[in-house]
Amino acid sequence: MKDYFCFLGVSGTDVTVNSLHPGIIETDLWQHFHTIITPIGVLAGIALFKMFGKTPLQGAQTTIYAAVEPSLQSVTNKYFSDCREVTPSQQTFDETAAKRLWDISERITQDGINQS
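Be aware that the sequence shown starts at 1, since it is given in this note's numbering, and climbs by one per residue.
Incorrect hints may have been included.
Here are the computed distance ranges between Cβ atoms for each label pair [said to hold, decoys possible]:
{"hint": "1", "residue 1": "I46", "residue 2": "T16", "range": "22 to 28 Å"}
{"hint": "2", "residue 1": "A60", "residue 2": "T92", "range": "30 to 36 Å"}
{"hint": "3", "residue 1": "G12", "residue 2": "A47", "range": "22 to 28 Å"}
{"hint": "4", "residue 1": "S19", "residue 2": "P70", "range": "16 to 22 Å"}
{"hint": "5", "residue 1": "L72", "residue 2": "G41", "range": "35 to 41 Å"}
{"hint": "6", "residue 1": "N18", "residue 2": "T38", "range": "33 to 39 Å"}
{"hint": "7", "residue 1": "S74", "residue 2": "G41", "range": "21 to 27 Å"}
{"hint": "8", "residue 1": "A44", "residue 2": "R107", "range": "33 to 39 Å"}
{"hint": "9", "residue 1": "I46", "residue 2": "R100", "range": "29 to 35 Å"}
{"hint": "10", "residue 1": "I104", "residue 2": "N77", "range": "19 to 25 Å"}
{"hint": "11", "residue 1": "T16", "residue 2": "S89", "range": "18 to 24 Å"}
{"hint": "12", "residue 1": "I46", "residue 2": "D82", "range": "19 to 25 Å"}
Keep in mind the hints are simulated off the structure, nothing from the lab. C-beta: ideal position from N, C-alpha, C; glycine also.
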């Protein structure tokens, strides 16, 4: 996982940059997949989420932890899951893909702002 400061322009500041995975959260998003997934697929997804997914409250815990845990005040460029630091997947080390994702996200965000 490359130093995200280069993308954010916050190098040399007190700003810290970390990322996290909240887990698989049981939400109502499955109700919107009927146009791209068969009804049986949607039902299977809902069942799996109910069996293995986290509630929204449970899913929020890692985000809250990363935002307010005093011991993380100066921790930066780390990845968290289930309220602990973990090693991210190998794909996160692909600088070309990271730059491409950043550029696409920036364009989509700017497009959304321009449409407002």
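TODO: Check each numbered hint against the structure and report the violated ones by number, ascending.
DONE: 1, 2, 3 and 7
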